[in-house]
Each structure stands twice: as structure tokens, then as C-alpha cells.
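Engineer: Under our numbering, the very last position in the first sequence is 296; numbers go up by exactly one each time.
Don't take every hint at face value.
[Claimed, not checked] If you anchor each label on the Cβ, the simulated ranges turn out as follows:
1) 209 - 21: 24 to 30 Å
2) 202 - 30: 35 to 41 Å
3) 109 - 267: 31 to 37 Å
4) 209 - 290: 30 to 36 Å
5) 199 - 226: 14 to 20 Å
6) 199 - 40: 24 to 30 Å
7) 43 - 78: 37 to 43 Å
Please keep in mind that the hints were generated in silico from the structure rather than gathered at the bench. C-beta: ideal position from N, C-alpha, C; glycine also.
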Amino acid sequence: METLERDTGDSKEASYSAEIQNIWVEAQDSLKTRLVTEDDFRWQLPTTTAAATTLIGGGECEVLKYVGGVDISFAKDDPSIACGTLVVLDLQILEVVYEDYSVVTLHIPYVPGFLAFREAPILLQLLEKMKTCDHPFYPQMLMVDGNGILHPRGKCPPTFYWIFFPVFAYCSSILLNGFGLACHLGVLANLPTIGIGKNLHHVDGLTQATVRQLLETKGMHEDILSLRGDSGRTWGAAMRSNPGSFKPIYISVGHRVSLATAVKIARMTSKYRVPEPIRQADIRSRDYLRKHQSAG
DNA sequence: GCGACAG
DNA sequence: ATCTTGTCGC
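Just need the whole structure built from these sequences, with the hints factored in.
Structural biologist: Right, here's the structure in full:
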């Protein structure tokens, strides 16, 4: 009797979460139609020529200075207590010039492929708070602890469809990209974002072992690797900041930033393996939660 | 059928 | 994501 009740309960829960996931999939596909995977911003990267260009151009030509980073940490004893963190770094000195935290209770579980539905709301709230008070350090772009288009929700239309139903295939190809947390945040905040993964979410035949092997065969000469899946599609890049470090980070396009630009920014913000905006958000998020759970 | 699966 | 010690090296 008890086992029977337990079984029916489990199956109800299973179908319930399956329905939720269907809703999530539709939400992702809907938001995905607004996704931009090319450079779409007014600022320039702070190369040596950029400063000169601002003077020569005459028109307002801002240089990228304020780079945001977001992360969430969790209490060790209660995984539903989360601390969302937003930091902003000055790109020139690579130091934190703004930080804000929000401790909340999360009711949505972590489901692989649907991280955004758990983490995006709290992070969006932190961004909104900063924007509504018109803060001068509001980030020009955001680095996200999680993937962008390197995400399993992307599917290539089969060749068959391109030959016989090209219009349909084209419409499907709008949904070709994956749509991870970085894309989700970028679209909803209308902010350029790039995704930084510390582990690889296996997609399109790509595995950690594959990437490691490729990086090893490339040797010390290259520290960057294009992540091309079985379908031939490029999902992002694996980069190791240090030739001695064999564990790379996984960079992918979030929103309104090309992969080439994303890699440049990841490079110029990396003092250690993980780019500073992400790393600082990570460290400070954990510290903040520790202090505020021991103090009460 | 079984395993894999960002944070 | 989180738990967890020391240890090897610059």
C-alpha cells in the first residue's frame, strides 16, 4: 500500500516536471528568436588604437570599461538558500568597482539544460536595481557563469529538410543555436553577454576527453580551440590561460557578441584560469553567504 | 536499455 | 553548486 502510494506520487511528480520542461522549452524557443550572435554594441575594445579612434572620430565613441560578472552560490546546509551576486570591474585595472548581493530562497530545482529558470530571475533583479537607479557603473557587457549557445537545445535541421523544405528548414534554423543562461540573461536584460563554463556541457559529440586530447595534440603553441561538433557547427571555444594548465574554460556567445570578441574579452580579463569578473563574483558570493549565515 | 547532463 | 587536507611549487 505504501509502496503503491509512493509509486503513484513519483509518477505524478515525473509528469509534472515533464510538463514544466515543455513550458521551459517553449520559453527558450521564444526568447531565442530575439537572440543576436554577432557584435552589436557601440563601444570598442580598449586596444591602443581605440583611444586614438575616439579622438579622431569626433563623434561619441565610447571604449569598453565596465564589465559585469554574475554568479550564484549556495548555502552548504540548505541548498535552497542562494546568494546572487553582481560585480562590475574596471577593465583597465581589473578591479571591482561595484558589488551587490541578494540572498533568496529558490523554489526551482537545477535541471541540466534549464539553469536559467533557476538562476536568471535573481540576477536580472540585481541588474534592474542597478539600472533603475541609473548607476554610472552599469556594465556595458556581462560575463556569465554558465554557457551561452553552447547548450543542448540547439538542433540542426537535417539535410533532407534543406533540400525539400528549404523555407521550413530556414525557420527551424532560427532555433539552431543552443540557449543557455548567458543567452537568456542577455536577451532579457538586452545586454551584450558572453558565457563562461568551467566544465563542458556535452553537446553534439563534444566531450571533455575530446577537448583535452585536441588541446594536447595542439601542444603549447595554441591555447585556444574551436569547439566544432559532429554536425560541423561551432559551439564556442576552449581556452587555457596558462600553457601549464590543461583544464580549459569554455567560452560561448551569449548575446550581441561574436565568438571572436568573446574570446578577446575573456583573454583580457583573465589573470588566472577563470576571468576576473566571474572569479570575483564567485569568491565574493561565497564570502557574503558565509558571513550572513553565521551572523544570522 | 544505459549513460551523460552548465550551475 | 557543496563537502574537504594537505601539499607541491614559484
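Engineer: Taking the hints in turn, state whether each one holds.
Structural biologist: Here is how each hint holds up against the structure:
As the Cβ distance of residue 209 to residue 21 is approximately 28 Å, the hint placing it in 24 to 30 Å holds. Range check, residue 202 to residue 30: Cβ separation about 25 Å, and the 35 to 41 Å hint is violated. Checked against the given bound of 31 to 37 Å, the beta carbons of residue 109 and residue 267, roughly 35 Å apart, stay inside it. Checked against the hint of 30 to 36 Å, the C-beta distance between residue 209 and residue 290 comes to roughly 35 Å, which is consistent with it.
Roughly 18 Å separates the CB atoms of residue 199 and residue 226, a value that falls within the hinted 14 to 20 Å. For residue 199 and residue 40, the Cβ-Cβ distance of about 28 Å falls inside the hinted range of 24 to 30 Å, so the restraint holds. For residue 43 and residue 78, the hinted distance range of 37 to 43 Å is satisfied, since their beta carbons lie about 41 Å from each other.
The earlier numbered hint that this structure contradicts is number 2, and it is the only one.
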